[in-house]
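Add chain W to chain P, keeping to what the hints say.
If you read the sequences in order, they're chains P and W.
Those letters in the first sequence? Residues 1 to 133, per the working numbering, in order.
Those letters in the second sequence? Residues 1001 to 1414, per the working numbering, in order.
Simulated from the structure, these hints should not be mistaken for lab results.
Here the structure is a predicted model, which is why all the values come from computation and not from measurement.
Virtual Cβ for every residue (Gly too), placed ideally from N, Cα, C.
Wrong hints could be hidden among the right ones.
[Unchecked claim] Computed Cβ-Cβ distance ranges for the label pairs, DEER-style:
(1) Ala107(P) - Ser1396(W): 35 to 45 Å
(2) Gly1285(W) - Asn35(P): 45 to 55 Å
(3) Pro95(P) - Asp1068(W): 48 to 58 Å
(4) Thr1121(W) - Asn35(P): 46 to 56 Å
(5) Met1382(W) - Val72(P): 30 to 40 Å
(6) Gly113(P) - Leu1225(W): 52 to 62 Å
(7) Gln1313(W) - Met54(P): 34 to 44 Å
(8) Gly112(P) - Ala1039(W): 26 to 36 Å
(9) Lys57(P) - Thr1121(W): 24 to 34 Å
(10) Glu1273(W) - Val48(P): 37 to 47 Å
(11) His58(P) - Pro1251(W): 26 to 36 Å
(12) Asp36(P) - Leu1320(W): 39 to 49 Å
(13) Asp36(P) - Met1172(W): 50 to 60 Å
[Unchecked claim] Interface residues of chain P toward chain W, partial, derived using beta-carbon atoms under 7 Å:
(14) Asp15
(15) Ile18
(16) Met19
(17) Thr20
(18) Trp22
(19) Ser23
(20) Gln24
(21) Val27
(22) Ile31
(23) Tyr33
(24) Asn35
(25) Gly52
(26) Pro55
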Amino acid sequence: MKFILMMHAPRGTGDWDIMTKWSQGEVEAHIQYLNDINADLRKAGELVNIEGLMPPKHARIVRAGKGGAPDVTDGPFAESKEFLAGWWIVDVATPERAYAIAGRASAAPGPGGKPLNMAIEVREVMSAPPVEV
Amino acid sequence: MDSTGTHLLRDLAPQVLGVVARRFGDFAAAEDAVQEALAAAAMQWPERGVPDNPRAWLVQVAMRRMTDHLRSELARRRRETVLVAEEAVEYEEPREPGEAAEQEQDDTLLLLFMCCHPALTRPSAIALTLRAVGGLTTEQIANAFLVPEATMAQRISRAKQSIKKSGVPFRMPTGEEREERLDAVLHVLYLVFNEGYATSTGSSLQRADLATEAIRLARAVHRLLPDDGEVAGLLALMLLTDARRLARTGPNGELIPLDEQDRARWDREAITEGVALISKTLSQGAIGAYQLQAAIAAVHDEAARAADTDWPQILALYGLLKRMTDNPMVTLNHAIASAMVHGPAAGLELLKPLDADPRIAGHYRLDAVRGHFFEMAGDAEMARSHYHAAANRTSSIPERNYLLIKASRLRNAE
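One chain only, chain W, in its complex shape:
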């Protein structure tokens, strides 16, 4: 199918699933039925053309599958006359367009809450979100995560079983629970984005699709909850980070650090959108961790040259972020900003507590940053030994190569 058709299916997937799951109250079975309907559409539409009302077509097919499924379930349980759902097959599009749109929005959000259910592990939640809300096929998701399709199918199927067992009804969570679930949704989208952005090995093209998909989903959530600062912050963070993607790796997938990137290759449009979004959000009150990270990304993106970076502002933002979250990576970045403003000794001092933090002690990033500080301080020998230690600990080939080259560069300088 051409890309327009694929996009249409992806956009319609959550809407159709919403209608079917609400009608039958069974998320897991509805998800199966919708997948079958999507597969049927991918087969038939290119040949026969896209139907006049593609959404109604998909709902109709999915509901028919659902009815078949219920009928065979019932037959298995008791061999009596089937009385279920004969009439449920007929589906009419809602007459009031406004009402329908509102229902649709609620459905998409509800699906996200379902997929990011607390009973699920993060990998399961990610896979299910991409399939149920993102409309990706199991094969596409498996390719993106570089695992066999059967493995991914199992993961998705287990995820649906967990939701079924949890007995949570298909309806909007209320109050406090809703806040918590939204946090989980944002975290899942953040992880999907990172999975696509952070990896430059493997079949890189497919991986980059994950970042694009995460942005698409974050946009959808932002449309549903335009007044939520953290949703806007996450979307801005993704846009401002993704804007640098092309400049981030060389022709062989080798890493190019921020200060060596060709800034002409940054995506200006994404930066403009991200900066506008975060500026508007920051002026509206309560500030969260995603908004701060987006603000930091914006400061980097707005510097025409690496030397123009407003490090004092970045340092202040990391200071706020550090107070808000207990994350050793934030401490690490805070130390980097501090070294850029006050010199490498200040950075090294801030790294010290991390040696006692089991979450990051011995992590290659800690060695790499120390190497960088010693290099700034002109201590080539210490810098080299830390770069080597980092190279031995990273499990990313481009990262290892980058660190080995950094170390060998210092050897040349001696």
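Isolated chain P (complex conformation):
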């Protein structure tokens, strides 16, 4: 079963400003923690894909305008408190395993080494058509 684990971070000013107030040791511990998760997932053969996104300040919303020409506006919507910072796609045996990985990622340390408890949205990835019998 494939799951996408979407990490949501506080929106702030739309930049990486949560990390800019941390000390060197805190930044390094946070990066190391996430690197360790990735290394473990790779070793276990569970990692399908992982991507990080540029901060939301650089996001644009596109809708088809008149005649199908793209109409580009700044996004995402200002009222959203959190934004998608990046994701993992993992191939695991059970949903519980996906929740366990998400739980570990959510506990990535922040200031003072305390877990950040970031929201990680877990969604199953829909698959290709079933095999004809």
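Below, chain W without anything else, positioned relative to chain P:
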């Protein structure tokens, strides 16, 4: 197939393509045929052993595919008796070895000119070069560029269509055109190298292969045109830069800047070769941009410790390079060298015009360098704010992490 077999196929690929394309005058179809022959070899050779004359074997198979292809084309066009190419299947290796070698060299160069055709976009030219001259499979190229195989196959197929439509015959370009085309070839090889060298994320192993492949191809071009200074300069630049690859990233792919690298991990052999190459070339006259960049890389590589770097010489070389090219990255590096020689205020002054240059204004590198100059000047607050701005603008994760750590280090120091 083992690595010897793979290398053999890669070396033979352009030679075989040269023979077939010349014989039939159709580059696009010949390229398809040669790919099929390479695939057949990769299947059959491990089982039955490598044939006595692998090159002739590949040419023979590719020509047979070519004939099949022509025959079905013809059948489609008019349902008449096939008269094409029945005899074209037979192929004999040339008798005069000297003559054959010369033809082979011309073919490889000609293939490079074809693949770096002005009608193609750079990404298409890169993909086609790697396949036709580098002998890589579409799958390998797709993996290296982290795109699905179908996407890469489309890109290559469109590239071949563009060449076909352009109607350029399969023959050596002459005079001025040749110079221009060689520039394009060198640029494509340079981009392939950078693609492999500059990225430390993703499946890094496969990416590093691109740098190795670019060096292999640059070596081939240098063998064909040993007296061309820029070809030698590009090869030297690649060797001298690639020599630092192992020291450039930490265990998790984090960036380690030049002045913090463990120089014991630099590849001495590559440095020796690169330095010898560029020293010989620089003494021979007309100096181009690749040679200057190689000379700068050589000065860095020859310093036993970061503190021993001969910055005045690097500054002088960037001064020459700046006069030769209108590239904002050169101005940026010139400013860095100037700051190392004359202090951060001089560097900041040289950066000013870049704010008005749309090619680099707002680019994270500009912020990162400013941060560095303010740090040198002891202004932690300005330095931190520039590092943060750079971290927010880079799209590379290792680079972002590096900049965030630099900024947080200054916070600790306060």
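For each hint, the structure was consulted:
1. Ala107(P) - Ser1396(W): 35 to 45 Å: Violated - the Cβ-Cβ distance for Ala107(P) and Ser1396(W), about 26 Å, lies outside 35 to 45 Å.
2. Gly1285(W) - Asn35(P): 45 to 55 Å: 50 Å Cβ-Cβ, so the 45 to 55 Å window holds.
3. Pro95(P) - Asp1068(W): 48 to 58 Å: Given range 48 to 58 Å: holds, Cβ gap about 52 Å.
4. Thr1121(W) - Asn35(P): 46 to 56 Å: 35 Å, violated
5. Met1382(W) - Val72(P): 30 to 40 Å: 33 Å, holds
6. Gly113(P) - Leu1225(W): 52 to 62 Å: Roughly 59 Å apart at Cβ, these two residues keep to the hinted range, so it holds.
7. Gln1313(W) - Met54(P): 34 to 44 Å: 38 Å, holds
8. Gly112(P) - Ala1039(W): 26 to 36 Å: Hint violated: Cβ distance 58 Å, outside 26 to 36 Å.
9. Lys57(P) - Thr1121(W): 24 to 34 Å: For Thr1121(W) against Lys57(P), whose Cβ atoms are near 30 Å apart, the range 24 to 34 Å holds.
10. Glu1273(W) - Val48(P): 37 to 47 Å: 41 Å, holds
11. His58(P) - Pro1251(W): 26 to 36 Å: 30 Å, holds
12. Asp36(P) - Leu1320(W): 39 to 49 Å: 47 Å, holds
13. Asp36(P) - Met1172(W): 50 to 60 Å: 56 Å, holds
14. Asp15: The hint holds - Asp15(P) has a Cβ within 7 Å of chain W, the shortest such distance being about 4 Å.
15. Ile18: 10 Å, violated
16. Met19: 5 Å, holds
17. Thr20: Holds. Min distance 5 Å.
18. Trp22: 6 Å, holds
19. Ser23: 6 Å, holds
20. Gln24: Because about 4 Å separates Gln24(P) from the closest Cβ in chain W, which is inside the 7 Å limit, the hint holds.
21. Val27: Because about 5 Å separates Val27(P) from the closest Cβ in chain W, which is inside the 7 Å limit, the hint holds.
22. Ile31: Nearest chain W Cβ about 5 Å off; hint holds.
23. Tyr33: 11 Å, violated
24. Asn35: 4 Å, holds
25. Gly52: 5 Å, holds
26. Pro55: 6 Å, holds
Violated hints, in rising order: 1, 4, 8, 15 and 23; the structure is consistent with all others.
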